[in-house]
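2 protein chains.
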Amino acid sequence: MTVGRWEPNARERLETAALDLFVTNGYEGTTVAQIAERAGMNRATFFRHFADKREVLFGGEDVLAGLFADAIAGAPLGATLSDCMLAALAAAEVVMTSNLRVVAARRIAVVALSSELQERGLLKHARIATSVTAALRKRGEDEVAARLGAEITLLAFSFAFERWMKANDDEPFSSFAEAALRDLQTRTAQLAHAQRFSS
Amino acid sequence: MTVGRWEPNARERLETAALDLFVTNGYEGTTVAQIAERAGMNRATFFRHFADKREVLFGGEDVLAGLFADAIAGAPLGATLSDCMLAALAAAEVVMTSNLRVVAARRIAVVALSSELQERGLLKHARIATSVTAALRKRGEDEVAARLGAEITLLAFSFAFERWMKANDDEPFSSFAEAALRDLQTRTAQLAHAQRFSS
Numbered sequence: 172m173t174v175g176r177w178e179p180n181a182r183e184r185l186e187t188a189a190l191d192l193f194v195t196n197g198y199e200g201t202t203v204a205q206i207a208e209r210a211g212m213n214r215a216t217f218f219r220h221f222a223d224k225r226e227v228l229f230g231g232e233d234v235l236a237g238l239f240a241d242a243i244a245g246a247p248l249g250a251t252l253s254d255c256m257l258a259a260l261a262a263a264e265v266v267m268t269s270n271l272r273v274v275a276a277r278r279i280a281v282v283a284l285s286s287e288l289q290e291r292g293l294l295k296h297a298r299i300a301t302s303v304t305a306a307l308r309k310r311g312e313d314e315v316a317a318r319l320g321a322e323i324t325l326l327a328f329s330f331a332f333e334r335w336m337k338a339n340d341d342e343p344f345s346s347f348a349e350a351a352l353r354d355l356q357t358r359t360a361q362l363a364h365a366q367r368f369s370s
Numbered sequence: 172m173t174v175g176r177w178e179p180n181a182r183e184r185l186e187t188a189a190l191d192l193f194v195t196n197g198y199e200g201t202t203v204a205q206i207a208e209r210a211g212m213n214r215a216t217f218f219r220h221f222a223d224k225r226e227v228l229f230g231g232e233d234v235l236a237g238l239f240a241d242a243i244a245g246a247p248l249g250a251t252l253s254d255c256m257l258a259a260l261a262a263a264e265v266v267m268t269s270n271l272r273v274v275a276a277r278r279i280a281v282v283a284l285s286s287e288l289q290e291r292g293l294l295k296h297a298r299i300a301t302s303v304t305a306a307l308r309k310r311g312e313d314e315v316a317a318r319l320g321a322e323i324t325l326l327a328f329s330f331a332f333e334r335w336m337k338a339n340d341d342e343p344f345s346s347f348a349e350a351a352l353r354d355l356q357t358r359t360a361q362l363a364h365a366q367r368f369s370s
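So the sequence lines, in the order shown, correspond to chains A and B.
If you're matching positions, the first sequence starts at 172 in our numbering and goes up one per residue.
If you're matching positions, the second sequence starts at 172 in our numbering and goes up one per residue.
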């Protein structure tokens, strides 16, 4: 398929148009035809890029899943699980621009009003976790370590994202990510050593 | 509301009828009216117990969220985070019967065929995590420790459940749960100490 050959940045234009309309008229009150029209395209073009109306809000998650997996695959030989997790988080840096901060804030507001969108968000979250787990398995981690590593990577991303969203200066995302991961690693150490009271 | 006064075990009957029909005719091919009829009730009764057709498959998740939260709230004074997590997992024991193993296997087969059901499952999973996080916050844990504790509790539950489902003998769920939690705690210790190669 030659998707997008005649429509430069079609995906981005559709994403922007959708978000504009969702903010103004609500997610429920917006049709795919309206999104396509605002982006200067037709419905068929929309569906060449996105499976449904919900999907147009979650392109970023697919990008993240790819960035995380590639960074883990590309980590140096001998990298520990912890190194791989940090590499994954650092790789998100390229998409965490000040423009994204604005878009993300609008998107969060739209998603907060729709349980349908929240469910799609959770599905994307689960797919990122699956993608990170698979990448860690390929590095030789066993199933338990890979799933644990994936969950903690996503939790670190989530904390880093929350803090980065609130930050006003230009501190790069990677420093929030590294701080969040280190914080979680300190907590896991406490968790691991807190077995003395257990039966 | 006097839900169920004239319909003993209405919820359970609807759940069983729904699962029977989903297995036979598929989730998409089954209507709420058919579920209600098979359970000897009407549509209105179904909707007094469940918000929609998907919800009838996930009553168990709501029960688990309650069991986990109550166990954490009821853990002895001075219980560590790790103790609270173990208490939560052990509390699931009461519902993990050999009958549930049969029902769960059928349910897993139905959910595997429907992305709509998988999304609802993820929503329930997220709600259990929120419920466990809130219960741990009330024990004085901060936000980071509470969310980390909740994620690891759910991951331990997930591993324990997978192993318990495959087990043929009558080893209680709690021993699978304790083993899974200990395993994850050992892994987190490795994660916490594997920082030497990091920048």
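Treat each hint with caution, since some may be false.
Stated by the list, open to error - Label pairs and their in silico Cβ distance ranges:
(1) B:Arg209 - A:Glu287: 25 to 31 angstroms
(2) B:Glu264 - A:Gln289: 28 to 34 angstroms
(3) A:Gly230 - B:Ala305: 42 to 48 angstroms
As the list claims (entries may be wrong) - List of simulated lysine-lysine pairs, DSSO-like, C-alpha gap at most 27 angstroms:
(4) B:Lys309 - A:Lys309
(5) A:Lys224 - B:Lys337
(6) A:Lys337 - B:Lys337
It should be emphasised that the hints constitute simulated quantities derived from the structure, not laboratory data.
The C-beta atom is built at its ideal place from N, Cα and C for all residues, glycine as well.
The hints, checked one at a time:
At about 28 angstroms, the CB distance of B:Arg209 to A:Glu287 agrees with the hint of 25 to 31 angstroms. At roughly 31 angstroms, the beta carbons of B:Glu264 and A:Gln289 sit within the given window of 28 to 34 angstroms. Checked against the hint of 42 to 48 angstroms, the pair A:Gly230 and B:Ala305 fails, with Cβ atoms roughly 32 angstroms apart. Pair hint B:Lys309 plus A:Lys309 does not hold up; C-alpha atoms about 39 angstroms apart against a cutoff of 27 angstroms.
In summary, the hint linking A:Lys224 to B:Lys337 is not supported, as the alpha carbons are separated by about 39 angstroms, beyond the 27 angstroms threshold. With a C-alpha separation of about 46 angstroms, the suggested pairing of A:Lys337 with B:Lys337 is violated against the 27 angstroms cut-off.
The structure shown violates the earlier hints numbered 3, 4, 5 and 6.
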